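Position chain B against the provided structure of chain A, taking the given hints into account.
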Amino acid sequence: MADEIKTFKVTIDNITIDVPAGTTVLNAARKIGGDVAPPAMCYYSKLQGSGGKCRTCLVEIAAGSTVDPRPMPKLVASCRTTVMDGMIVKNITSEKVKDARAGVVEFLLLNHPLDCPICDQAGECHLQDLGYDHGKEGTRYEFPRRTFEKENFGPYIQLHMTRCILCYRCTYVADQLTDKRVHGILDRGEHAEISTYISRAVDNDFSGNMIDVCPVGALTDRTFRFKNRVWFTKPVDAHRDCETPGCCGKTTLWLRGEEVFRVTARKDEWGEVQSFDGKPGWICNTCRFDKKKTTDWIIEGVTKINRHSVISQGKYDNLVIPKETIKEVMNGRSPHLLMNIHDESEVNEPDIHLSKINGPAHSDNFNNHQP
Amino acid sequence: MSRKLLLEKEHIAGIRGYEVYRREGGYRSVEKALKMAPADIVEEVKRSGLRGRGGAGFPTGMKWSFLAKPEGVARYLVCNADESEPGTFKDRYLMEFIPHLLIEGMIVSSFALGSNVSYIYIRGEYAWITDILENAIEEAKQNGWLGKNILGTGFDCEIYLQRGAGAYICGEETALIESLEGKRGNPRIKPPFPAVKGLWDCPTVVNNVETLAAIVPIINEGAEAYAKIGVGKSTGTKLMSACGNINKPGIYEIDMTISVEEFIYSDEYCGGIPNGKKLKACIPGGSSVPILPANLLLTTAKGDKRLMNYESLADGGFATGSMMGSGGFIVLDEDQCIVRNTMTLARFYHHESCGQCSPCREGTGWMERILKKIDNGRGEMKDIDLLWDIQRKIEGNTICPLGDAAAWPVAAAIRHFRDEFEWHVLNPDECLKRNYGLAHYADPVHVPVMA
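These protein sequence lines are chains A and B, in that order. Our numbering puts the first residue of the first sequence at 1, with every later residue one more than the last. Our numbering puts the first residue of the second sequence at 1001, with every later residue one more than the last.
Take these hints with a grain of salt, some might be off.
Pair ranges (Cβ atoms, derived) [what the hints assert, rightly or not]:
(1) B:K1069 x A:H191: 40 to 50 Å
(2) B:D1040 x A:K323: 54 to 64 Å
(3) A:G22 x B:Y1160: 27 to 37 Å
(4) A:K150 x B:D1201: 32 to 42 Å
(5) A:K150 x B:R1340: 36 to 46 Å
(6) A:G64 x B:V1020: 49 to 59 Å
(7) B:M1381 x A:P144: 17 to 27 Å
(8) A:N331 x B:Y1160: 55 to 65 Å
(9) A:D68 x B:E1024: 43 to 53 Å
(10) B:P1192 x A:H191: 24 to 34 Å
(11) B:R1378 x A:H191: 23 to 33 Å
Simulated from the structure, these hints should not be mistaken for laboratory data. As the structure is a prediction and not an experimental result, all values here were calculated from the model. By construction, the Cβ of each residue, glycine as well, lies at the ideal position given by its N, Cα and C atoms.
One chain only, chain A, in its complex shape:
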């Protein structure tokens, strides 16, 4: 008889959910979705041992469990804390969490170059999103920032260590996906850096996945660098019959017209590589770097993109509207409506619903008010 998996009841930001025993707080929160899911910069569900390092996913445990309802004295990393039955978690409803998270964002940005205007990751950078959602404006740091020389890991990958936030994800990829590890972390503390020993090229069928797991622009695709802004390209799902063992052959092509600018693994709503048949959809370097023609691929259709994402501005169909949890978080109360911009604006046509417009609003939509 198979072991019955127990389910635990956990309440996160006033929303209760049943999850199997052994689920982490973060994954339980992701099941609820929306703003209730803590941000995660280092945790990657498909990489064993990842997480716990960046401290952005810290949450408050207001009650440990039904059996032992004492609160936990410190904030805990939700990605590495498993739920207990009757646990009560506070994420966005906790002032302590908001304060600590703003602190972590500040720490992460302390030595980050903020070179977004020339960074290839801009638009799909998790640190940008994190800073936007949880950071404070301005910086209190007045000392020179840490810098490193750029380094090439072979012909396909470039390391721009200055941007790295030391999430360790790429080292887990090197460890778990590639057959011989030539890549790890040197030195310690503020000086710690991702490196290959003596700049040895990372020559491996799956090394390109390091680029996909990098939350910032530290590891970039050399075949795509400076070619285009991600939001000018149109992502489509595609597949091919790949012969590399372990490669799922399912990818996202980033197109402009018929030109394939970039190939990546398919990502889910948390920015992680999607799973297919229970296995992470890692792709090989041949698919990623060599198949740059649409004729190499069978195109399935336009990729679903989160409506909040900047990438969505280039395409208007298949947008996913993120789940709104705020009403539930506030125990059924809605946020107080200060004003309806439609009613107030002299420019807008109140009876035109912006979200119904197929594409960005254009002055043609408001012809009545043209001078």
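Just chain B now, kept in the frame of chain A:
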């Protein structure tokens, strides 16, 4: 003169070698313990009230009883000899001069915990002690205290020595285990705790050198006799390594009933402060614990005489108290600059941060830079509040206690010596030429400034 348990025989010539050590009653505890049931030894240690001597002061017997004992899985005892806390050098002394005491304590503890292979992870800088310990292990082995079937009881035990490579962080037990396994010394994320999943993923106990050495008198004299020494939950004796502005820096074994004042001023211990200077401040338990001004050091906020034990040193919490920590007792006289001192400590933690988690990696360097700025007479008032905010955001939010250890000295310095920081900011030229001096820090009434 208080009772000595660990350093009782330190003056005897040749105590470092096996012959003299054995003649003086060494290894009696092994003879006694191996006739006991392992669970009874754990119980004995529990009743002795012994608390971890590495800094946290967690009850040793309790820690031992947490050790998981799954069938068919090896268990390990690891001795943490990576003594690197600034101001702490008691383990060095113990290992250098009475190495067999540690080996003896480890054999008994290994038997109690069921560890057939035990390790000593020693600080890399203690290079010369490695030879001393290796020699002691060899001597113990030749005389049948280690190896197969010890004393015919069927108990096998080997002790191996591993040198660290110069990282403070490897004194954190899970980083130590990582390093011992041959990996980069990054602390692990807990849970799982070492008692369940430690070295090679097996149940592991990590104990400080002094803790393991203290097992010897506990077994020899019995838990009750050991618990009688000291006061309250501070049982037995504690090694203090005293340094700074005192006449007699060195290692002292205290029974935790004496007052801080006596410890600093009596000739039996530190022998007072040189050159007729006055006491300004003290870090009583190694660089990580909060610094206290003279008035709060000698008497608690309630007005009681402060004693040299776990409870009394911690009296008042962090608002007006400190911690026993590892026993690294650092005394600062009236000529010492608190800003400079805090900057030195911040520099240390910045240098030693492993860089794994963001608050510590980025925050420690930031604090050092701001402190340097204030120390160099370029500080601004807002820097003091900023420092407070940074330490607040590091504390409690990191993977391991190094973050706390980096935050506490800064917090305590601002909490108790805010005037001195402000004086540095307001007198940018003067602060480069002279120190703030004693000011009011020894005055009887002192209301700590909370930021």
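Going down the list of hints, with the structure as the test:
1. Taken as a hint, the range 40 to 50 Å holds for the pair K1069 of chain B and H191 of chain A, whose Cβ atoms sit roughly 42 Å apart.
2. In this structure the hint that D1040 of chain B and K323 of chain A lie 54 to 64 Å apart at CB holds, the actual value being about 59 Å.
3. For G22 of chain A paired with Y1160 of chain B, a C-beta distance near 36 Å keeps the hint of 27 to 37 Å intact.
4. Distance hint check for K150 of chain A and D1201 of chain B: the Cβ-Cβ separation is about 38 Å, which falls inside the suggested range of 32 to 42 Å.
5. For the pair K150 of chain A and R1340 of chain B, the beta carbons lie near 38 Å from each other, so the given range of 36 to 46 Å is met.
6. Under the hint 49 to 59 Å, the C-beta atoms of G64 of chain A and V1020 of chain B, about 53 Å apart, fit the expected range.
7. In this structure, M1381 of chain B and P144 of chain A meet the distance hint of 17 to 27 Å, their C-beta atoms being roughly 23 Å apart.
8. Here the CB-CB span from N331 of chain A to Y1160 of chain B is close to 59 Å, well matched to the stated 55 to 65 Å.
9. Distance hint check for D68 of chain A and E1024 of chain B: the Cβ-Cβ separation is about 49 Å, which falls inside the suggested range of 43 to 53 Å.
10. For P1192 of chain B and H191 of chain A, the hinted distance range of 24 to 34 Å is satisfied, since their beta carbons lie about 30 Å from each other.
11. Restraint check, R1378 of chain B to H191 of chain A: a C-beta distance of roughly 24 Å satisfies the suggested window 23 to 33 Å.
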